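Asker: Quick note, the sequences are listed as chains B and Y, same order.
If you count the first sequence from 1, position 291 lands on 1005 in our numbering, and the numbers rise without skipping.
If you count the second sequence from 1, position 247 lands on 249 in our numbering, and the numbers rise without skipping.
Among the clues, some could well be false.
[Said to hold, decoys possible] Derived pair list, reagent style PhoX-like, types lysine-lysine, alpha-carbon separation capped at 25 Å:
#1 K1146(B) to K1456(B)
#2 K1236(B) to K15(Y)
#3 K807(B) to K753(B)
#4 K15(Y) to K1063(B)
In short, the hints are calculated from the structure, not lab data.
Quick caveat: nothing in here was measured; it's all calculated off a predicted structure.
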Amino acid sequence: MAVTLSKPKCILLLGSGGLRIGQAGEFDYSGSQAIKAYKEEGIRVVLLNPNIATVQTDIAFQGTQHKDRSLADEVYYLPLTIEHATEVIQKEKPDAIALSFGGQTALNLGLALEKKGVLKKYGVRVLGTPTKAIRDTEDRKLFVQRLKQIKVDTAQSIATKSVAEALSAAEKIGYPVMIRSGFALGGEGSGRVANAAEMKQKTTEVFKSVPQILVEEYLGGWKEVEYEVVRDCADNCITVCNMENIDPMGIHTGESIVVAPSQTLNNHEYHMLRTVATKTIRHLGIVGECNIQYALNPDKPEYRVIEVNARLSRSSALASKATGYPLAYVAAKLSLGYTLTELKNAVTKTTTACFEPALDYLVLKFPRWDLQKFDSAHKRIGTEMKSVGEVMAIGRSFEEVLQKAIRSLNIGATGFTAQSNKEKFTVRDYEKLIKEPTTERIFAIAEALRDGISVETIHQWSRIDRFFLSKMHNIITLEKKLTNRTPDSEEIREAKKIGFSDAQLALMSGRTEDDIRSLRLKYNIRPSIKQIDTLAAEFPAQTNYLYCTYHGIEDDVVASKKHYVVLGSGPYCIGSSVEFDWSSVQVLKTLRAKGMGSIMVNSNPETVSTDYDESDRLYFEELTRERILDIIDFEKPAGVFISTGGQIANNLALPLYKKGVQIMGTSPIDIDRAEDRHIFSNLCDTLDIDQPTWGEFSSTKAALKKAAAIGYPVIVRPSYVLSGAAMTVAHDEHSLVAFLKKAKDISREHPVVISQFIENAREIEIDGVAQSGKLKIYAISEHVENAGTHSGDATVVLPPQRTYLETVRRAKEITKKLIQALNITGPFNAQFLAKDNHIKVIECNVRASRSFPFVSKVTGYNFIELAARAMLGEDISGEYQTVDLDHVAVKSPQFSFSRIKGADPIGRVEMSSTGEVACFGGNLHEALILSMKASGFRLPKKNILVSLGREENKVKLLESVRSLHEMGFTLFATEHTADFLKAQKIPNKRVLKISSVEGKRKKKELDVGTLIESGELDLIINIPTHIYTDHIRDGFIIRRKAVDMNIPLITNRQLAEAFVTALQSTKR
Amino acid sequence: MSYLHLADKTKLKGVQYGSSNSTSGEVVFSTGMTGYVETFTDPSFAGQILVCTYPLIGNYGVPDSSFFESKKIHLKGVIVSELALSYSHSDAHQSIDSWLKKEGVPLLAGIDTRALTKKLREHGAILGAISSSEKPIVFDDPNTRNLVADVSPSEVTIHGDGPICIIAIDCGMKENIVRSLTRPNVTLKRVPWNYDIANEQYDALFISNGPGDPTQCSKTVHSIKNAMKQNKPILGICLGNQLLALAAGGATYKLSYGHRGQNQPCIDTETGRCYITSQNHGFAVKSDSLPEDWKVWFTNANDNSVEGIKHTDAPWRSVQFHPEAAPGPTDTAWIFDEFLASLQK
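Make the full structure from the sequences, and use the hints.
Answerer: Next up, the structure:
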């Protein structure tokens, strides 16, 4: 029945760029599925995506054994801009373009290309949903009009283009109102506004980065429900999954706990919304996949359509994982003109894809936040997305999935209640935190319930449906019942059914986790292993997609035996991102290439590793010792790979090893030797390897004494922190005392580590693979920023351009010694400080690091494949040319500061970036400019503000600033910087600091706040005086405003220098 | 503790809610994820014990009877994984537990309904019983009886007063069919399954859904043949589809485990369009048994079974699925519109 469209010969697929809040790894999943779907049709696929850490940007590696048929034919690691997309189109001459697999970024870029006439000029057809339909969904005014034509209700909404218009619209609707910005990812610049004053302030800020703001009726407290809808060109239309937010309207769906399918909707409500969904999507003319969001009145059958996303989204990735229905794959096929009835259900392989999955389980998604990493960041959650990742839990009761999900977050919580880290999850002012939700709301609810507050009262405080609250109440009731006594077999069974872990039961009963585990196994209480088959067991299905539940009496599968388990990375968070999913997927591919069975375990729905095609068995499960042991007890695998899933997996090495599990690669004992600061330090001493001076202290007094002896600044990291950053730099005794106070409890159990902070030292890293203690392949890269910027936030260059050969040689020598001493087999990463040809080792991680995909794709060798082969015992010795390369690659961090309101947008020893991008160039300059652009940086056209703290920074950046002047930029500078530059004969416009303005403004003198708000600036270079004590000062306000106004910002001196030099060289 | 006993000697332990009585019937499963109120009150379930594959049942409680598909619960029993003892909805008046107590229907919770469903899928629908006794009890086979006679009304009722008169043979008709057919220009005369329509004045005949084996309803088949002789327009739903096939000279058979759920894809053979439908049937029409002047109107996209039939010339048609939904998707509500439009005077 397919509409006869000629099949395209070459498709340009747009990716989503670096991971950031609102646009994370889910688009690696959708993009990878699209490539698979297109490649099956024999179509050439060209991918534009600078996110080098993704699976979709994989290339054919040198000497690979992987037999991958779903790789893109050509990958361009270039910024997702009109300029670069046009370049690619000119070169590759695609006849079609796919816009819907790369999130809002790809959609916006595609629309811009069309608007500029690029697509028409080069004869590129847009696949799937026509651009007109996309515009109808993106422009709120058009959207409301279109839905009105078919009598579908939308929230009363007025599109405004100025602050004045916004104010009058709000008057018309009546406060409180909701403001939303069009064309923004993840609801950026949205929120409830209570009065005119607030309206004025908020819209002034938001209009700087978006052209349009919607003022809407406020629907706080209504249920929020989403449907994932698929439609083909023959007008077949289905809803694959619906989802219900536990947090009602008022909290962004990316910030909400979400269940699928909906739990509190009756048949009438469910199908009222379903009918509206199919009617709306047909009317709009969407072809492929989309998502429709509703507000549903809890008191009567009344709804409002909130929005339609005419593309794959975070929700669609979740829905795919929740149902087993491969939405992105199907959407890609539909975009070629296939109809749903021509496609098969990918799980059953016999029934049709034109059906709606029936679930016989439920899933719960929980957002993962990382706001505690930012001292001054606001922890309130609301209509803007702040979460950096999410987990999904599958089970057969609400309590089971809730507790599983909370454990999977890897934030130290043992579940909804019964916390091993009691202090951290005790919320004293729970009423406030339930009424004004923060990231800790769920723990506030637990505390309130423990305190005897009724479900009804909590419902009134939170508007969370009583159904969910009463389920949470069940958990607390059982906790109370089982506290302080050893449970009998029936009680363990009961507790397991509502999601209690062995660790929780141990805490409640005062026994150890191992006691409970033994008791449980003695009673033969084990989870059942169930399949996800899309049809609730109605038809036989050979599915390998599995989960564990205690609501079962039988397993759906038999043990695989002799397979290999690969532990995934868990939720994306700052410091553990898509790069570890990439690594895990590479191991799966290696196992497949070698004909060995694989079992993937992961809890993150935004991943490729949880695509059930990637492994022989997929357990969508929590990455806890208990659950991994359950799986191992059942599957009897040949070994477990723990070194590619980042820190969560790595931390499981020793506990699993102690239970007799066969760990692949380096012995967990040796891993522990590298991880334990004392042992590692002693090892370095023995091997005569220099390291920054450090000490561990259990009292403030001793710490101060040592700091004075080392000399400030020092790096300080308490092993136990109640709130605030885990690690910082103290520049003097005063700041060290202040920090130690925040850490509160310094004791023998919770010591603090103080180490020397070496200023003006360079940082270099070696990523490599060893086998039986011998180095087999390595790549060495250097940071643009000096030591003090976390390696995850640094701009990384490969091959190194400025590091002395002698330094490289020494780093390699040290690495070899460490590898031998730790008897490493598998991946490792070593970090060094280099100053004047002298090098010190910072740390050695005996696992895959963040930079493995980067070094693999830049050198052309798949480091993880080699590591996996080494761990499987294959000799990987060979000649690997990783030093002398024909190109230079630069990796830049991707920050999400615009989403983390109140945070200081600056690189520190604690990591802040949420993702990364990388670009190639013929030289460093070219690669650096591209890479910065790929992370969202825009090159300046005219006006640059320079504000340099400290004399040293002024002096060292003098020549760079002079170059900017010579290149014809107009320079603005704050007081001291302006005076300094003037003295050096560099013309500039002097502006007042914020603090100078307060109280004593002279007439007509421009202040920096006003200048930034004017929107005239193209770039701000602000080098802070001191990174860690600057929060409320002028510099912070400049940086924060730069981010809030979406003005490119550089805060690091070395990066500023490198950027100016690069800019100069490209201008020539 | 109570037990589900199956005819193959399987015994599953659970907790009994609702009525504390024992019960027996044919055990079938339904894959719907919502709409348990509509499902429980569907008369087509007469004689059956229903297994809900979705594990959480009762979340939104039980509303007033205006949401029901008939006046009472015709199910013999219900099997679930978890019954919500606390429910929440603005329409709710009571819990499932209290409703089933009043209706005298037992429910067994705490069962691995996926394991049970797999068994039903492999063995086919099977007889079973819910009982507090560990010892098996005598199984009641509903398919040996004329279940339609149990659920069909004994009296004639009239709905609406429009100029178009439709006779609806009620074999256990769902209320939403009545709601769907009762339009301003329609008079719906709802008659018992064995009502003699030979002397009636009417414009069209409707044959409803209902429980059990269609071959038990020879009186209804007789009425349909009568209407065919007069060339009256006919529409059938579910059991009505099977009865129309029998009247046309076709045959029916028992499916191994039936179609019960809200996600069954059906393809309109005339347009190729696929619709997601609500279904509840254990019997089906044999496609090769249809006379030459009949054709298959809809097929099930999953197993190719007959989902609707149509006469090539005469205005006679029927569907195996439920265009009236309740519970389930409303994609095929146009079937009522088309039927009613064809009757316009």
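Asker: Could you work out which of the previously given hints the structure breaks and list their numbers from low to high?
Answerer: When the structure is compared with the hints, only number 4 turns out to be violated.
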